[in-house]
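When you get a sec, could you build the whole thing from the sequences and use the hints?
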Amino acid sequence: MHLPLGFYAVGSRVFMKFPLKMVKNVNLLRRYMDFVPKISNRKISNVQFDRITSGTGVNAVSALAVGEPSPQVVLYIHGGGFVFGSADAYKKFVSKITARLGIQAIIPDYALAPEHPFPAGFNDVLNSYVALLDQGYSGKDIALMGDSAGGNLLLAALAEMPKRDIPQPACAVAFAAQTDFTFQGTSLLNNRKSDCVLVSDRYLELREKYLGDADPRDPRASPLFADFRHAPPVQIQVAKREILYDDNVAMAEKLIADGVDVELIEYDHGFHGFQLLAGKEASADAALDRATQFIATHLNH
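Mapping of the sequence shown onto my numbering: position 87 corresponds to residue 87, and the numbering continues sequentially without gaps.
These aren't lab readings, by the way, just hints derived from the structure by calculation. Where hints are given, some of them may not hold.
Dumping the calculated SDA-like pairs for lysine to any residue here, alpha-carbon to alpha-carbon at most 20 Å [what the hints assert, rightly or not]: (1) Lys209 - His116; (2) Lys280 - Gly67; (3) Lys193 - Lys140; (4) Lys280 - Gly6; (5) Lys240 - Gln48; (6) Lys209 - Pro219; (7) Lys240 - Thr186; (8) Lys240 - Glu281; (9) Lys193 - Ala99; (10) Lys140 - Gly6; (11) Lys280 - Ala9; (12) Lys240 - Leu5; (13) Lys17 - Ser86; (14) Lys163 - Asn190; (15) Lys140 - Arg100; (16) Lys140 - Leu299; (17) Lys140 - Pro119; (18) Lys240 - Ala286; (19) Lys209 - Ala120; (20) Lys140 - Pro233; (21) Lys209 - Pro114; (22) Lys24 - Glu205; (23) Lys43 - Ala286; (24) Lys240 - Asn190; (25) Lys21 - Glu208; (26) Lys43 - Gly67; (27) Lys193 - Leu211; (28) Lys254 - Ala286.
Cβ-Cβ distance ranges computed for the label pairs, FRET-style [stated by the list, open to error]: (29) Gly136 - Pro162: 18 to 28 Å; (30) Asn190 - Val26: 37 to 47 Å; (31) Ile166 - Glu263: 20 to 30 Å; (32) Pro69 - Gly6: 35 to 45 Å.
Every residue, glycine too, gets a C-beta built ideally from N, C-alpha and C.
This is the structure in structure tokens:
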């Protein structure tokens, strides 16, 4: 049964925004933020999960429809503000991506701050991509996908690849990426009430936990300042009422200025991470359909 998006927006204020605002203990917040998606999502029945470890030592979860060969792959980078989130928490959602595309998806458990501050998570994401190349996938057979902090990490990795002569993927999709740790976007404050998930007041704390003394303009931390002149096509989805709205519009403008083929999709009634409601809410299904159609188009180009 599909319930209205407004119902989930109210639920997000209670079960996501309130804990994010009130809970200061990182380990407690991690356990809670892993628990919520695990109990609120159902996996696609014919998708099998396996625990894997890349050649670079990064643990991950693989999702693949039973009995289907997978010559192509999606590398999904989970969200969680750089301090929480896990492959296990996201695997049921990612099973919906696997089912739509009929290919394997890999969700790396990248290192989390504050125990492993920047650039540890960035390095894990880039190494997870290189591990797929080492397994025999070509860049044109890989799509990058992620949400929030995961969108940040995949975009930063995308810009880093040409610097290291790493073949680039076929395309990338980012749901509401956090792209600018200098906090230039006015939506960070203007949308602090309308955003039913994220808490703008905690972003300085988040920057301190993740970046420490690192430069917030480092393109590996804030992809808004990266060079994307060699990047593949990118789709960005963002809700107009979330605090990261300006981060995503500015990111799209930067990509376009660098000559990248960009599709920016703005939602009037969505909220941060609403795509994760796919299977339970019609507009989330439609958003995920657009993302997977974009990936399918470019993987098969």
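(Q) Check the structure against each numbered hint from earlier and tell me which ones fail, lowest number first. (A) Violated hints: 2, 3, 5, 9, 10, 14, 17, 27, 28, 30; rest satisfied.
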